[in-house]
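Protein chains in written order, with my numbering: chain A, 1 to 264; chain B, 1 to 262.
These are computed hints drawn from the structure, not numbers from a lab. Don't be surprised by glycine CBs; every beta carbon is placed ideally from N, CA and C. Hints may contain errors.
Said to hold, decoys possible - Across the chosen pairs, the derived CB separations fall in these ranges: (1) A:D66 to B:R255: 54 to 64 angstroms; (2) A:G89 to B:R255: 48 to 58 angstroms; (3) A:E196 to B:T173: 30 to 40 angstroms.
Stated by the list, open to error - Chain A residues, not near chain B, derived (Cβ > 10 angstroms throughout): (4) L16; (5) L53; (6) G185; (7) T214.
Said to hold, decoys possible - Heads up, simulated DMTMM-like pairs for lysine to aspartate or glutamate below, C-alpha to C-alpha not over 20 angstroms straight-line: (8) B:K138 to B:D92; (9) A:K222 to A:D233; (10) A:K130 to B:E19; (11) A:K222 to A:E196; (12) A:K130 to B:E12; (13) A:K130 to A:D105; (14) B:K24 to A:E30; (15) A:K130 to A:D112; (16) B:K24 to A:D129; (17) B:K172 to B:D92; (18) A:K222 to A:D234; (19) A:K130 to A:E117.
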Amino acid sequence: MSVLETKDLTRRFGTLTAVDALTMSVEAGEIFALLGANGAGKTVTMKMLTTLLRPSGGNARVAGFDIVHHAAQVRRVIGYVPQLVSADGALTGYENLLIFAKLYDIARSDRDERIREALAFMELTEVRDKLVREYSGGMIRRLEIAAAMLHRPPVLFLDEPTIGLDPIARRAVWERIEDLRSQYGTTIVFTTHLMEEADVCTRLAIMHRGRIVTLGTPSELKASIGGADRTMDDVFIHYAGGAVEAGGTYRETSRARRVAQRLG
Amino acid sequence: MGAITAVAGFAEKTFVIAELEARKLRHDPTELLTRAIQPALWLVVLGSVFTRTHAIPTGGLPYLDFMAPGILAQSVLFIAIFYGIAVIWERDLGLVHKLLVSPTPRTALVLGKAVSAGVRGLSQAVIIYLLAWLLGVKINWHPLALIGVLVVVLLGAACFSTLSLIIAAIVKTRERFMGIGQVLTMPLFFASNAIYPVAIMPTWLQVCAQVNPLTYEVDALRALMLPAGQSLHGLGLDGAILVIVLAGLVLVGARLYPRIAT
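Using the sequences provided together with the hints, build the complete structure.
As structure tokens, this is what we get:
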């Protein structure tokens, strides 16, 4: 059963078409990756799917709800971890989760239990009463994922979840994400420009200049360009023309570096 | 029944957003103290000099007494009008995105921010009451008058912080915002009855003062804060104007706030 479907989903900014007639579907329980260089349209796609940005054309459904006409219902069934740091550094980890538990209408009687469980799941119990500005980058990301999962959404969107993290922290974050999927059956949709992360997904789509240039399982994509000895890097270079340096405006670059600096 | 649940839910969400801000203040209250310096200067320096000149007709009040409610309104305005900076800061982080993706109504997000600006405003009220008392201003300590001041300060802070949020949603960058914030505060302050009565202004400025919500805020504060203070417009009208302005601003703010995430 597909939990996410897009049909000709398009977003234009003036004359620039950031996302161009995107059509795809994601099945329940998948870990689905959107891969692409900076400026390929991954984040814009994610912002449309999470109701932050209205499409210029086409449509999409998340867990059966139209992202434009039923935006309020979509918001109840998704969790979202933005690329930018979204935990409040001036609050403790516990307080961050408490605020979101309240915003997501988790019943008062369940709140403490739910928060305790989320902190334990993300291995943050010991630092729950510390201000988040004292957390490491990996801890901040795990807290953000915990906040996004408090209301147990069937679909979780992660925009560049490991940007700015060192390999060890990155690994810890991914282990938690994979556990989420196995324990709660959460469908995970994430963006990345790291090829090695593409290997953890069930399927991936490579985006280039707003379009999906190819879509399949990692092994299918490797096979499509000549076999199992190919790496995801080869796949990416083949489909996205090796244009890793294409795109990425001043603003995007400075944002990405700022995030990296905060988390690093 | 459905309507009551909806209103209760809305109020609850509004207070959750305000709670978020209040918790931050609790962890780091230094901001509240540094903000006391400016109003102290106004009262101590300007107030004491002008009290000696007797140049401004205050309806029989000592000038310091006359200006104390004006300085309270001013310091609340100065805090509130730069509230948008915090919104832009949150935008550079991902907090705005996270809030907008939650099922919280946009109006509750905006009103919650307004209420939390009000909480900061209340701390100013405490400081200014203390300063005014030390300087010998005759203060009306009647509990109802104090409650009235709290309500007016909350409303005033909420109005100007929401205006600030709207500007932030339009300009989006800190640099542009700072420019506009500076340009806005002084005219709002000077084109009001905060430190001199509207009656002594030239006609064109009187017109500006009449459409400036700050004038009504000061008018109400003057009547509530001082035993000898009188409201020129009537407390009812003052309050009604502030509530209507706030409602209008919140509706506009709720439409524009999502732009911050784009």
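Going through the hints against the structure:
For the pair D66 of chain A and R255 of chain B, the supplied restraint of 54 to 64 angstroms is violated, since their beta-carbon distance comes to about 21 angstroms. Between G89 of chain A and R255 of chain B the CB atoms are about 29 angstroms apart, so this pair departs from the stated range of 48 to 58 angstroms. Against the hinted window of 30 to 40 angstroms, the Cβ-Cβ separation of E196 of chain A and T173 of chain B comes to about 35 angstroms, which satisfies the hint. Remark: the non-interface label on L16 of chain A is consistent with the geometry, its nearest Cβ contact in chain B lying 14 angstroms away (cut-off 10 angstroms).
Consistency note on L53 of chain A: stated as away from chain B, yet its beta-carbon is not over 10 angstroms from all of that chain's, at 6 angstroms minimum. At roughly 21 angstroms, the least C-beta separation between G185 of chain A and chain B is larger than 10 angstroms, which holds for a residue marked as non-interface. Annotated as non-interface, T214 of chain A keeps its C-beta farther than 10 angstroms from every C-beta of chain B; the closest such distance is 29 angstroms. Of the pairs offered as hints, the one joining K138 of chain B and D92 of chain B is violated, with about 46 angstroms between alpha carbons and a cut-off of 20 angstroms exceeded.
Between K222 of chain A and D233 of chain A the CA atoms are separated by roughly 10 angstroms; this keeps the pair inside 20 angstroms, and the hint holds. As the CA atoms of K130 of chain A and E19 of chain B are separated by approximately 18 angstroms, the hinted pair is consistent with the 20 angstroms bound. With a CA separation close to 13 angstroms, the supplied pair K222 of chain A and E196 of chain A stays within the 20 angstroms bound. Taken as a hint, the K130 of chain A and E12 of chain B pair is broken in the structure, with Cα atoms around 26 angstroms apart against an allowance of 20 angstroms.
Straight-line distance between C-alpha atoms of K130 of chain A and D105 of chain A comes to about 25 angstroms, which puts the hinted pair past the 20 angstroms bound. For the hint pairing K24 of chain B with E30 of chain A, the CA-to-CA distance comes to about 38 angstroms; that exceeds 20 angstroms, so the pair is violated. A C-alpha spacing of about 17 angstroms is found between K130 of chain A and D112 of chain A, which places the hinted pair at or below 20 angstroms, so the restraint holds. For a cut-off of 20 angstroms, the pair hint linking K24 of chain B to D129 of chain A stands: about 13 angstroms separates their Cα positions.
Among the hinted pairs, K172 of chain B with D92 of chain B is consistent with the structure: their alpha-carbon atoms are about 10 angstroms apart, no more than 20 angstroms. A distance of roughly 8 angstroms separates the Cα atoms of K222 of chain A and D234 of chain A; the hinted pair therefore holds under the 20 angstroms criterion. Restraint check: the Cα-Cα separation between K130 of chain A and E117 of chain A comes to about 17 angstroms, which is no more than 20 angstroms; the hinted pair holds.
The structure does not agree with the numbered hints 1, 2, 5, 8, 12, 13, 14 stated previously, though it agrees with the rest.
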